[in-house]
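Enquirer: Mind docking chain S on chain F? Use the hints.
Residue numbers (the UniProt record's numbering), protein chains in the order written: chain F, 1 to 341; chain S, 1 to 341.
Source of the hints: derived by calculation from the structure; they are not laboratory data.
Any given hint could turn out to be false.
Identical chains share a label here; the pair holds if one copy fits it or two copies do between them.
As the list claims (entries may be wrong) - Result set (PhoX-like, lysine-lysine): computed pairs, CA atoms no more than 25 Å apart in a straight line: (1) K33 - K47; (2) K125 - K69; (3) K100 - K33; (4) K265 - K55; (5) K36 - K47; (6) K235 - K33; (7) K265 - K19; (8) K55 - K69; (9) K235 - K69; (10) K54 - K33; (11) K235 - K54; (12) K174 - K47; (13) K125 - K235; (14) K100 - K125; (15) K160 - K265; (16) K276 - K36; (17) K117 - K55; (18) K36 - K59; (19) K47 - K169; (20) K60 - K135; (21) K174 - K235; (22) K59 - K117; (23) K125 - K265; (24) K59 - K19; (25) K125 - K113; (26) K69 - K265.
Remember, it's a predicted structure, so these values are computed and weren't measured experimentally.
Number of protein chains: 2
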Amino acid sequence: METMSWGAELWDQFDSLEKHTQWGIEFLDRYTKFIKERCEIEVNYAKQIRNLSKKYQPKKSLREEEESKYTSCRAFLATLNELTDYAGQHEVIAENLTAKIVSELGRYIQDLKAERKSHFHDGRKAQQHMENAWKQLESSKRRFERDCREADRARQHFEKMDADINVTKADVEKARLQAQMRAQIAEDSKSEYSSCLENFNQEQNQHYHTLLPLIFQRIQEMEERRVEQVGVCMKTFAEVERQVLPIVGTCLDEMSRAAESIQPKADSQQVVECYKSGFEPPGDVEFEDYGLKRTASDSNLSHTRSRSKSKLWPFIKRNRLMSLLTSPRQPPSPTLFTAIP
Amino acid sequence: METMSWGAELWDQFDSLEKHTQWGIEFLDRYTKFIKERCEIEVNYAKQIRNLSKKYQPKKSLREEEESKYTSCRAFLATLNELTDYAGQHEVIAENLTAKIVSELGRYIQDLKAERKSHFHDGRKAQQHMENAWKQLESSKRRFERDCREADRARQHFEKMDADINVTKADVEKARLQAQMRAQIAEDSKSEYSSCLENFNQEQNQHYHTLLPLIFQRIQEMEERRVEQVGVCMKTFAEVERQVLPIVGTCLDEMSRAAESIQPKADSQQVVECYKSGFEPPGDVEFEDYGLKRTASDSNLSHTRSRSKSKLWPFIKRNRLMSLLTSPRQPPSPTLFTAIP
Chain F
1 METMSWGAEL WDQFDSLEKH TQWGIEFLDR YTKFIKERCE IEVNYAKQIR NLSKKYQPKK
61 SLREEEESKY TSCRAFLATL NELTDYAGQH EVIAENLTAK IVSELGRYIQ DLKAERKSHF
121 HDGRKAQQHM ENAWKQLESS KRRFERDCRE ADRARQHFEK MDADINVTKA DVEKARLQAQ
181 MRAQIAEDSK SEYSSCLENF NQEQNQHYHT LLPLIFQRIQ EMEERRVEQV GVCMKTFAEV
241 ERQVLPIVGT CLDEMSRAAE SIQPKADSQQ VVECYKSGFE PPGDVEFEDY GLKRTASDSN
301 LSHTRSRSKS KLWPFIKRNR LMSLLTSPRQ PPSPTLFTAI P
Chain S
1 METMSWGAEL WDQFDSLEKH TQWGIEFLDR YTKFIKERCE IEVNYAKQIR NLSKKYQPKK
61 SLREEEESKY TSCRAFLATL NELTDYAGQH EVIAENLTAK IVSELGRYIQ DLKAERKSHF
121 HDGRKAQQHM ENAWKQLESS KRRFERDCRE ADRARQHFEK MDADINVTKA DVEKARLQAQ
181 MRAQIAEDSK SEYSSCLENF NQEQNQHYHT LLPLIFQRIQ EMEERRVEQV GVCMKTFAEV
241 ERQVLPIVGT CLDEMSRAAE SIQPKADSQQ VVECYKSGFE PPGDVEFEDY GLKRTASDSN
301 LSHTRSRSKS KLWPFIKRNR LMSLLTSPRQ PPSPTLFTAI P
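If we strip away everything but chain F, and leave its shape as in the complex, we get:
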């Protein structure tokens, strides 16, 4: 379908177009506000995700450094770090929406406002010109009408004088000359009015069929460019987010990888590394034969007991003992399972 031209179809809708183009600018303003609010939401979301990640990061304590040896803790830390990257992607969305839409549209709206102002200024000027031409035409028409009336009256006066037998010839002649003069003046006014009318019609024709359509065409083109700009922005809106999707996907891949790197066996091994004392479980308790020893000497008893005790509690291998002395591992506390005293 061939597009109808605003110049031809809307020639009498100057005010409507003024309102419509104003609405068009307000639409862009509103759309800009929409994007800004979307950006705020993204920035806020990113901030919350960042804070979440920070909140669950391990503290710089000895305890949490120890924990970082477990694959599960390392995987959680990796997840938190990927979450920070993920938050960063939502910041990228906000940044790109601001740069590619908010800023661009801001400049565009300024230019659009200036262009619109200029077109409607041209329109008003052309219309003012036609209004003046109309006033001129009216004035020359009124003069012609008045001069006709005067000529008519002068002619009637002459006819009346001419028919009156009591009037002198000189007075008749005077009235005739007067009527002739008035007729001439009316004739002159007629040709001036006629020329003025011809000029007006020519200008009016040009106004409605050349000047006005041209201005309206420019407004139409301006408006079509505006609509096109809306399309560009809306396409960018989707593009900006689409661009981060693969990176979000990578973050998720890394999270999965971190989850898969968890090794229950390695972690229980790490528990051994962390808590192992190096002591051996207690061996058999030896028989203490008071009956046999007593016959020889009383001191034998106490000697036997102390030797037995050292055997009961616990056998420390020489090398294990050395490592106990040089590492921060605490020796087994006297719990029930440490050894039976």
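Expert: Just chain S now, with coordinates in the frame of chain F:
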């Protein structure tokens, strides 16, 4: 590398394992809290996006219904609707994290706590049993020691009596019997102590090499399952978000499609449909010859003027006039461009 067994390596770290498994449960609690907070962020984000979409939806006014005829307005509306779907996907993330992690882990932690309690209960019971066995051994050893002492004293007493010439035979015989009896009691205590010791060593051996390793192995397996569960949850965490990515992609595709559906020409056509009055631009103004008409009649003048006026303002075609009467379109307001009156 062969995993070291907690039963063999950590036999004396019962308390450490109790602390470590408690820490493991706290890790799960903390992780659950982390997921809950992530869910809150997602729900909040979705809510904000929904509100944004709602805020910019067209109102149910005549004006905005009119606007919905423009492709740019329709595209914006489509974007807003896709944004609602997009928000929905973040709600899906929150829902799935709740169902697949928070709820699952809640149940799992309950089971884990119960299992852990049971294992440490078994451990304490076994240890209590060994403590009692030790007390029993100590007691039978002390009895043996005491009985040896008594037998020793009785023997010494008998030897003293036997060597004393002032003592009666009857008294010597009495002391001999007493010594014999004490020796027999000591002999009985010795065999009881010996049996008790044998029993204790057997039980202690079983305790440290069978019972305890078995309990510790169960705790180790429980802990390894816990770590595995952490891995499953962390994998789910990434999966839940990965599942919505294609749908988010579809939302973005629809937004792009909406943007591409914007047609500037169609919209400027729509402006014509919306504002067109149907009036034609004014034609040439006709010449009014007062001079000629006046000669015939005065009434001719006024007649001519009114005829001329009706021609000046505006030429309404019959069909256009009909459409004006039946449509809500307002007739052109008397603006400067409507027509020159």
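Enquirer: Look at each hint and say if it fits the structure.
Expert: Now the hints, each set against the structure:
no.	hint	verdict
1	K33 - K47	both (21 Å within a copy, 18 Å between copies)
2	K125 - K69	neither (81 Å within a copy, 32 Å between copies)
3	K100 - K33	within (14 Å within a copy, 38 Å between copies)
4	K265 - K55	neither (28 Å within a copy, 54 Å between copies)
5	K36 - K47	both (16 Å within a copy, 17 Å between copies)
6	K235 - K33	within (17 Å within a copy, 39 Å between copies)
7	K265 - K19	between (74 Å within a copy, 19 Å between copies)
8	K55 - K69	within (20 Å within a copy, 50 Å between copies)
9	K235 - K69	between (48 Å within a copy, 20 Å between copies)
10	K54 - K33	between (31 Å within a copy, 14 Å between copies)
11	K235 - K54	between (35 Å within a copy, 20 Å between copies)
12	K174 - K47	neither (104 Å within a copy, 99 Å between copies)
13	K125 - K235	neither (39 Å within a copy, 71 Å between copies)
14	K100 - K125	neither (37 Å within a copy, 71 Å between copies)
15	K160 - K265	neither (137 Å within a copy, 72 Å between copies)
16	K276 - K36	neither (59 Å within a copy, 36 Å between copies)
17	K117 - K55	neither (54 Å within a copy, 30 Å between copies)
18	K36 - K59	between (36 Å within a copy, 21 Å between copies)
19	K47 - K169	neither (112 Å within a copy, 107 Å between copies)
20	K60 - K135	neither (89 Å within a copy, 47 Å between copies)
21	K174 - K235	neither (88 Å within a copy, 121 Å between copies)
22	K59 - K117	neither (62 Å within a copy, 29 Å between copies)
23	K125 - K265	neither (88 Å within a copy, 28 Å between copies)
24	K59 - K19	between (62 Å within a copy, 19 Å between copies)
25	K125 - K113	within (18 Å within a copy, 87 Å between copies)
26	K69 - K265	within (13 Å within a copy, 66 Å between copies)
In summary, the numbered hints that this structure violates are 2, 4, 12, 13, 14, 15, 16, 17, 19, 20, 21, 22, 23.
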